[in-house]
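Enquirer: So the chains spell out like this:
There are 2 protein chains.
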Amino acid sequence: MHSPELLKGTLQTIVLKVLKDRGRMYGYEITNCVRELSDSRLQLTEGALYPTLHKLEAEGFLKTETIMIGKRVRKYYSLTAEGRASTRERVSEFVDFIRTMSNVLQVELG
Amino acid sequence: MHSPELLKGTLQTIVLKVLKDRGRMYGYEITNCVRELSDSRLQLTEGALYPTLHKLEAEGFLKTETIMIGKRVRKYYSLTAEGRASTRERVSEFVDFIRTMSNVLQVELG
DNA sequence: GGATAATACCTAAGTGAATTATGTATAAGA
DNA sequence: TCTTATACATAATTCACTTAGGTATTATCC
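One line per chain: the protein sequences are F and B, in this order.
Per the numbering used here, the first sequence starts with residue 2, numbered consecutively.
Per the numbering used here, the second sequence starts with residue 2, numbered consecutively.
Any given hint might turn out to be false.
The list treats identical chains as one, so a pair stands whether inside a single copy or across any two.
[Stated by the list, open to error] In silico DSBU-like pairs for lysine-lysine, Cα to Cα no more than 35 Å straight-line:
{"hint": "1", "residue 1": "Lys-72", "residue 2": "Lys-21"}
{"hint": "2", "residue 1": "Lys-21", "residue 2": "Lys-56"}
{"hint": "3", "residue 1": "Lys-64", "residue 2": "Lys-76"}
{"hint": "4", "residue 1": "Lys-76", "residue 2": "Lys-21"}
{"hint": "5", "residue 1": "Lys-56", "residue 2": "Lys-72"}
{"hint": "6", "residue 1": "Lys-9", "residue 2": "Lys-21"}
Just so you know, these hints were derived from the structure itself, not from any lab.
Fair warning: this is a prediction, and the values are worked out from it, not measured in the lab.
With these hints in hand, go ahead and build the complete structure from the sequences.
Expert: Shown next, in the form of structure tokens:
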């Protein structure tokens, strides 16, 4: 696990990007997906994930579709057009930030 | 300027690493150094920098030396042995975090 | 059958690293 | 003489996160 401090400011970007890559997903699925993609290095907590999803939806970046699996609720999220645009921006901003940091810290990335 | 959110959690690492690379520095100098290294993309604020320096000193990672320039105080900071060890750890943790993120976000760095 | 773990959603209180705003004072330059 | 640069510092606030709690269904293990 990474120092959780580093994750700050990247959660929205992560959520948007995995949704862009995978299409429709629900919260619990996003958590598992990120855990797998990161080899268990990133563990999204529910207390952070759900408020983030609600916020992104309220801002018009995500739309939802609720379905029932037996008696259990499942809420699927997917990107809106604005969500796709925002994802592009944030990912590219993150990459730019990384380049800046690698310069300041004098490290090589590959 | 980057989204300031991204900077969170990286300030200590930045301070430690520039001190490791440059040796003895004072606060105002660190601010300028980071601005130059980052092409003005990172602007450390005083409200963040000074408390961070004090904290790192209190934790034993930095030692200080205060000198007078005319009637003006200047406080030099440099790494302790623990500071050097901590710098190595944090930089390597940051690089590892970046690799993880580039995997999750599916981006290429170079 | 009953306990435990996994699935699946949610919110509220607290934390802590930042921002913003403010303060003090000296030196340099226009 | 006024503004900018140098150089330190702290206090109030913000806000994304963690921690902790809650509800309920389904699957698994003994």
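Enquirer: Out of the numbered hints, which ones does the structure contradict?
Expert: When the structure is compared with the hints, none of them turns out to be violated.
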